Amino acid sequence: GQGVEQPDNLMSVEGTFARVNCTYSTSGFNGLSWYQQREGHAPVFLSYVVLDGLKDSGHFSTFLSRSNGYSYLLLTELQIKDSASYLCAVRWPNYNVLYFGSGTKLTVEP
Amino acid sequence: GALVYQYPRRTICKSGTSMRMECQAVGFQATSVAWYRQSPQKTFELIALSTVNSAIKYEQNFTQEKFPISHPNLSFSSMTVLNAYLEDRGLYLCGARDLQGAGAEQFFGPGTRLTVL
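In the order they appear, the protein sequences are chains A and B.
The first sequence begins at 1 in our numbering and counts up one residue at a time.
The second sequence begins at 1001 in our numbering and counts up one residue at a time.
Incorrect hints may have been included.
Said to hold, decoys possible - 25 Å max Cα-Cα, derived DMTMM-like pairs, lysine to aspartate or glutamate: (1) A/Lys81 - A/Asp56; (2) A/Lys105 - B/Glu1087; (3) B/Lys1057 - B/Glu1022; (4) B/Lys1042 - A/Glu5.
Stated by the list, open to error - If you want a taste of the chain B side facing chain A, the calculated C-beta under 10 Å gives, among others: (5) Val1004; (6) Lys1057; (7) Gln1106; (8) Phe1107; (9) Phe1108.
What the hints contain is simulated information worked out from the structure, not anything from laboratory work.
Computed from a predicted model, the values in this text were never measured in an experiment.
C-beta: ideal position from N, C-alpha, C; glycine also.
Let the sequences and hints guide you as you build the complete structure.
And the structure:
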């Protein structure tokens, strides 16, 4: 919903990095969250951004460009256990809920 | 810490029957509860948002007649899937949030996986 789009799959190599992209329609934007979801489990909150720029949280960093309707989640020093789906969710103020993308399945190879 | 429980974790029902699922928040006040469905194709759909002391708002393609929701207090919500059919299968997730709190985090339960035969 709300035009939140993510690529379906992403592959990367252990020890390197991965960037998970997310685009959304910009009308009424009120913040964006990133979640990690493992198969059969609940989404786990990673980060919330509402201002432009890069938010560095160590292993996970997030970037936001509100004017472009674009965000990415950057994972550095990848480990095999980072293999999971990463969900981008955009918040709109009228309903105070999150609209999720369909998630990007990240596979980290040795 | 803040936790959200959902039960049952898995359920199977016959086509045309109904199934009720529950969501319990522990450690915080669930002033807002959103119900989502994640289809087998991984599409994440918002079903409805329930805020205590406000009307429940359903998204397009979802109705109260099909997915009645109860949110009687700040720790509990339930949703029923009435007259379930094959297209209703998926993982139903409850996301709870304290609107009075400073954080923007929505805490999710592990989901109820519905299989319809």
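Here's how the hints hold up against the structure:
Between A/Lys81 and A/Asp56 the alpha-carbon distance is near 20 Å, which keeps this suggested pair within the 25 Å criterion. With a C-alpha separation of about 23 Å, the suggested pair A/Lys105 and B/Glu1087 falls inside the 25 Å cut-off, and the hint holds. The suggested pairing of B/Lys1057 with B/Glu1022 holds, with an alpha-carbon distance near 18 Å, which does not exceed 25 Å. In summary, the hint linking B/Lys1042 to A/Glu5 is supported, as the alpha carbons are separated by about 13 Å, within the 25 Å threshold.
A cut of 10 Å between beta carbons decides the hint on B/Val1004: the least distance to chain A is about 7 Å, and the hint holds. Interface restraint check for B/Lys1057: the shortest CB-CB distance to chain A comes to about 6 Å, inside 10 Å, so the restraint holds. The restraint placing B/Gln1106 at the interface with chain A holds, with a minimum CB-CB distance near 6 Å, inside the 10 Å limit. Nearest Cβ of chain A to the Cβ of B/Phe1107: about 7 Å, under the 10 Å cut. The hint holds.
For B/Phe1108, the interface hint holds, since its Cβ comes within 10 Å of a Cβ in chain A; the closest pair sits about 4 Å apart.
In this structure, every one of the numbered hints holds.
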